[in-house]
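> The chain contents come next:
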Amino acid sequence: MRFVSEFRNADLARAISAEIASTIDPNRHYKLMEVCGGHTHTIYRHGIKDLLPEKIELVHGPGCPVCVLPMGRVDEGISIAERPEVIFTCFGDMMRVPGSKGNLLEVKAGGADIRMVYSPLDALRIARENPGREVVFYAIGFETTAPSTALTLQRAKREGIGNFSVFCNHVTIVPPVRALLDSPDLRLDGFIGPGHVSTVIGCRPYEFMPKDYGKPCVVAGFEPLDLLQAALMLIHQLDEGRCEVENQYGRAVPWEGNLKALESMSEVFELRPYFEWRGLGFIAQSALKLSSEYADFDAELRYSTPGVRVADPKACQCGEVLKGVLKPHECRVFGTACTPERPLGALMVSSEGACAAYFNFGRRSSGNQKVEIGSRR
Amino acid sequence: MTGREQRVLDALERGRRRPPKFDAERIDMSHGAGGKATHKLIEGLLLPAFADPALAPLSDAAVIPFADARLAITTDSFVVRPLSFPGGSIGELAVNGTVNDLAVSGATPLALSCAFIIEEGLETEVLRREVAAMADAAGRAGVSIATGDTKVVERGKGDGLYVITTGVGLADAGLDLSTAAVKPGDKIICSGTLGDHGTAILIARGDLDLEAEVLSDTRCLTPLVEALKSAAGPGLRFMRDPTRGGVGTVLNELARDSGLGVVLWEEKMPVREAVNGACEILGIDPLYVANEGKLLAVVSPETADTALEALRNVEGGKEAEIIGEVREEPARMVLMHTGFGGTRMIDMLVGDPLPRIC
Chain H
3 MRFVSEFRNA
13 DLARAISAEI
23 ASTIDPNRHY
33 KLMEVCGGHT
43 HTIYRHGIKD
53 LLPEKIELVH
63 GPGCPVCVLP
73 MGRVDEGISI
83 AERPEVIFTC
93 FGDMMRVPGS
103 KGNLLEVKAG
113 GADIRMVYSP
123 LDALRIAREN
133 PGREVVFYAI
143 GFETTAPSTA
153 LTLQRAKREG
163 IGNFSVFCNH
173 VTIVPPVRAL
183 LDSPDLRLDG
193 FIGPGHVSTV
203 IGCRPYEFMP
213 KDYGKPCVVA
223 GFEPLDLLQA
233 ALMLIHQLDE
243 GRCEVENQYG
253 RAVPWEGNLK
263 ALESMSEVFE
273 LRPYFEWRGL
283 GFIAQSALKL
293 SSEYADFDAE
303 LRYSTPGVRV
313 ADPKACQCGE
323 VLKGVLKPHE
333 CRVFGTACTP
343 ERPLGALMVS
353 SEGACAAYFN
363 FGRRSSGNQK
373 VEIGSRR
Chain G
10 MTGREQRVLD
20 ALERGRRRPP
30 KFDAERIDMS
40 HGAGGKATHK
50 LIEGLLLPAF
60 ADPALAPLSD
70 AAVIPFADAR
80 LAITTDSFVV
90 RPLSFPGGSI
100 GELAVNGTVN
110 DLAVSGATPL
120 ALSCAFIIEE
130 GLETEVLRRE
140 VAAMADAAGR
150 AGVSIATGDT
160 KVVERGKGDG
170 LYVITTGVGL
180 ADAGLDLSTA
190 AVKPGDKIIC
200 SGTLGDHGTA
210 ILIARGDLDL
220 EAEVLSDTRC
230 LTPLVEALKS
240 AAGPGLRFMR
250 DPTRGGVGTV
260 LNELARDSGL
270 GVVLWEEKMP
280 VREAVNGACE
290 ILGIDPLYVA
300 NEGKLLAVVS
310 PETADTALEA
320 LRNVEGGKEA
330 EIIGEVREEP
340 ARMVLMHTGF
350 GGTRMIDMLV
360 GDPLPRIC
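As you go down the protein sequences, you meet chains H and G in turn.
As numbered in this note's numbering, residues 3 to 379 make up the first sequence, in order.
As numbered in this note's numbering, residues 10 to 367 make up the second sequence, in order.
It is worth saying that the hints were derived from the structure and are not from the lab.
Be aware that a few hints might be false.
Claimed, not checked - Calculated lysine to any residue pairs in the SDA-like style (CA-CA distance at most 25 Å, straight line):
no., chain 1, residue 1, chain 2, residue 2
1, H, K110, G, E128
2, G, K166, H, V119
3, G, K30, H, N105
4, H, K51, G, L18
5, H, K51, G, D19
6, H, K51, G, K277
7, G, K166, H, D115
8, H, K103, G, E34
9, H, K33, G, R13
10, H, K110, G, Y171
11, H, K51, G, E276
Claimed, not checked - Part of the chain G face toward chain H, derived, beta carbon under 10 Å:
no., residue
12, R13
13, E14
14, D37
15, E276
16, G292
17, T352
18, R353
None of the values given here were measured: they were computed from a predicted structure.
All C-beta atoms in this analysis are idealised placements derived from N, C-alpha and C, irrespective of residue type, glycine included.
For reference, chain G alone in the conformation it holds in the complex (with noise of 0.2 Å):
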């Protein structure tokens, strides 16, 4: 590499160092998007605004301290089109989303509450059956759904139906997850296959002539979380839920806030072929794709094998695989070695994935 080259990287590591700045003269859809525009509105503008300590992880959940218990809080907004597709539905995702926040936060749900905000027009067919599957992701869950509120807009303010839960829990006092607690060596383990979410609403919107049988993941992840705190113990140091932005974002993520880098292996990302093959016409990465029925952890490399184990033992868990580990170096960064031999970078997603046209 020439002196200039080196110096140019450095320049680029720097610049994504600065916190930063929120510049977007309207806000567009990019910044619902889950990448590198989400993080500038909610670092650079919600941030700033709230200043509260709480609030600075930015990790699934909050957790408050009161009295000598430690309250985990989220919430999260549902605005998914169309509203059921294969494999799940808008009720059911707004009950799995907000309770798996807080699982992978550490923390053993209690209730939620939810918020309907509903489309003038809609059949009330379609509001009974996603109740029922709010209702039925609830029990499954083991949380109640406690307190909520609707309203009702306008015909053509709505895609008929949002949904808006807040969840709370206990966070679990023997555990200590956070991006600090990583340490290199450790392993990253990825509870099932990439993008399956994501790429169910893609076919079910029906702008693509695309026939491939994908369902959604949606699912609840707290047998999944209960196996690793069991097998992995203290040796469970972070987890997250890869949504929005998908893995590539998650683990940017990880690696920004750790201090330190992310390797990863191409040939051990469980990922459909439907999956894949979707991708592959459309041009987007499924390392970007949305999952909503999956876990990312981080363990010891003493503990990996134990908890790897333990996630394929559980129901949605048949899958999971250590995909990579964290290193000294490269710090801040996340690179994969590729399947054919090679290594590349993986930024977190500019914007929206967008299809490429060739």
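Extracted from the complex, chain H is given alone in its bound form (with noise of 0.2 Å):
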């Protein structure tokens, strides 16, 4: 991992702050959507803020999969995990995410045999190694965990294994996206693209941004200094009157995507006409379910989960903070009724969420001022 190094030089990052200080207009407010949660994470753990004057507000996104999951499919995940026949097998970050009567690590504790893996590989080798169980996937994600659904499922196919099922709860980046564009209360001045989605789909499909919105788009990777230099380059094209998508993240993202993973992902996948998303309600188009090809493998044909809607607590302003209009702090319940042990909105369970991020690094961010810590030894 030492190439890691070269991205996080604390020199290079003063050369950009200063450079991104002396560049701004003054007289300007600079307001900045990071669309994904991995970046969100790392504007936290590197204290990227601090690195930033204050006439430049980052607002952080609905990017992250497990925060924008709705908790009627977490009820339904949950449910098919306590079917006694059933492994359930899903990421670490979900293990925490509140449905309705809890989460599955308390699900879990009860009795439910719910299995932590880092890949769908891993899910469909229980499933090898286990003939006599139905082994179930709970998909989520954006196009950059999708690709490996796919293939999974491509593999099972092939392999003919029968008692493997994904339930599928993949989403696209660009209705919510556009959703967020068409709500009145949105004032933004241009986005931060994600990264390791746009691995997958490229850069294209932002360019309705700047054409539809005049909005700029630009697609960034996931080391403190791509953020920086991608705050930059915003601030360049706002300051110049441009507005287009520029890609930050060459080193990783070819302008027309994998069109390898786009390939298996239009084989496995359709869209659905609808999908809700938390905080942000149904938005057409914008979610992903087993194409017909792939239907033995639904988990949701297969457990016939009802499709129910719960509606999220009425405390919970997850809505609000996701789309920029509400800081996490001004939630009403940040921090009192919702903490990351005990998430009332699921912005607080990933790590990526906008409120656990603020929670754990950004606290006191911008109040430390009076500790001064900048005497290393």
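Join the two chains, each given in its own frame, into one complex according to the hints.
Structure, rendered in structure tokens:
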């Protein structure tokens, strides 16, 4: 991992930070949204806010897949997990996502066979090793994780593994961004586009942002220098009156995306007519389901999930935070009824969620001027 | 910062100071991970029930005055899977872990008891191997295994073997190690690289297709403790071994119990590249990963450099670093100056360190 250190060089960071400070127009405010939860995490983990002038405000967008999953889908996942014949497999950060009556960690403690996996292929391996049980994979994530689910399903089909199915909750990035841009209470100047998603879909799908909405977008990587550079590129665009899609993450993102991954996805998935997003409501053609060719592997059909809708707790303001209308600390239950230990809203669950990131890394981030911590040895 | 933000943050801090209530309906895995959930279990359920002044400081070992002596006592259960892993095994851990709890409490370990909970079907050879590892580790630590117990449980009711060890020692009369002794300006020393044990276990479980040469750091800390004691003398204020919950959790306990602030310098944190790489891939922070052969010490500023030098001259202490210092402000908090030039809060671990998906 030595290659990472060059993207964390403090001297380079200071240089970019100084360039940003000298570039910005002192008479304007820059409100930039990082769409992706991974970016939010990097911003807090490396204290990037400290390197940006106050005139630049970073708003955390809807790109944490755990955070945007509606409670009804969590409850349905739990109802499958509770079936005695099922071994339920999921990624780690799904374990604490609250359903209406608890989370997977609690259901596991109650006796359900729930196993944390690091890849859908691990779930398929468990299916191979347990031919007498039904193994279900709880698939979540944007275009970043969808290709690995697709490849796993292609392999399962090829090998004829009958005791494996997928509860598909994959979502796509463009429709929620469009929904955000359509929101009348949104006041944003530009977007930092999600690098990992873009390694799959490329940059072209974001061209509607400058074209239809007049908002610039810079696709960025996940190292702290990537984010600083993306902020600088956006500021240049805004100050020069340009408005386009730019690719900061050229080392990983081809403009046209990864055609092979897209091909697998189009074989295995099809668009749902609509899907519910936590905080954003129903968005047309914003999520994936298994295509008819893969219907045999669809857990929704195998266990006939009823498609329940569960309203979010009334006090929860995840929706406003997701849209950048409220900051995490402005939510009425932040840090009181809603904490990382006992999250009320999904934004508090995953460490990529805007609220959890703020709670864990960001508290006092703007209030520590009185603490002189620059005096390193 | 706006007035509202300040009010919210202040309310958060008040919440953190309130004694925790334990209100979970069932015990889940997070209650065993060493972070906030474990604290809630201990402070909200166990501590009120036992209500013993010796238990109250919740240090690694309790000190009980007896006749003219001060007896130190500690106990620990070892439930690691797999039973052996690169760099160590459950038997070695079971001795080192308990000896280390005594050592970082400033006590000289005397003897251990051990209890085995064996799952029906365990191969005798495995038990023989682990018992030999225990005898070997005890020999190196200079303690005897003086008493014990064996139980066998039905197949499926244990992970092959659980080992519980209890240790007694004599608390050093000249040492006053406590969070109350810690003062602003004191330096925080870490005896070596962070997160080796937890990462080695994660890789050894084989759930990950990661190939990295990471060895557990399990070792007896007594030689390191002795070196610190003689180098820092009364300048040695506090010691702890950052096992479950890692360095992040121990330093939060220190900040909370001392009422002082802890400031860390990320670039001083010794972390092996392979550990950093594995943690990066999983989205886990090495600050919260378990260690089994490391200690954290708080020493006076005057003795810090001598203490560091002394540690570096002992086996297992070569990579020791001064990783931070104690400050008046921010009270009861741990802040880190990131290598990138920013600052971040280090909170106590919540639940298990769960991998992120992207």
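> Would you mind confirming whether the straight-line C-alpha gap from K103(H) to E34(G) stays at or under 25 Å?
holds, 12 Å
> Can R13(G) be said to touch chain H, with a Cβ gap under 10 Å?
holds, 7 Å
> Answer holds if the nearest beta-carbon of chain H is closer than 10 Å to that of R353(G); otherwise answer violated.
Nearest chain H Cβ about 4 Å off; hint holds.
> Take a quick look at whether K51(H) and K277(G) sit within 25 Å of each other, Cα to Cα.
holds, 22 Å
> Verify the proposed pairing of K51(H) with E276(G), using a straight-line Cα cut of 25 Å.
holds, 19 Å
> Hold the hint about T352(G) up to the distance rule: shortest CB distance to chain H must be less than 10 Å.
holds, 5 Å
> Does E14(G) meet its interface restraint, that is, does its C-beta lie within less than 10 Å of any C-beta in chain H?
holds, 5 Å
> Taken at face value, is the distance from the CA of E128(G) to the CA of K110(H) at most 25 Å?
holds, 22 Å
> Is it true that the CA of K30(G) sits at most 25 Å from the CA of N105(H)?
holds, 20 Å
> Is K166(G) within 25 Å of V119(H), Cα to Cα?
Answer holds: K166(G) to V119(H) is near 23 Å, not above 25 Å.
> CA of K166(G) to CA of D115(H), is that 25 Å or under?
holds, 15 Å
> Between K51(H) and D19(G), is the straight-line Cα distance small enough, at 25 Å or below?
holds, 21 Å
Every hint from the earlier list agrees with this structure, and none is contradicted.
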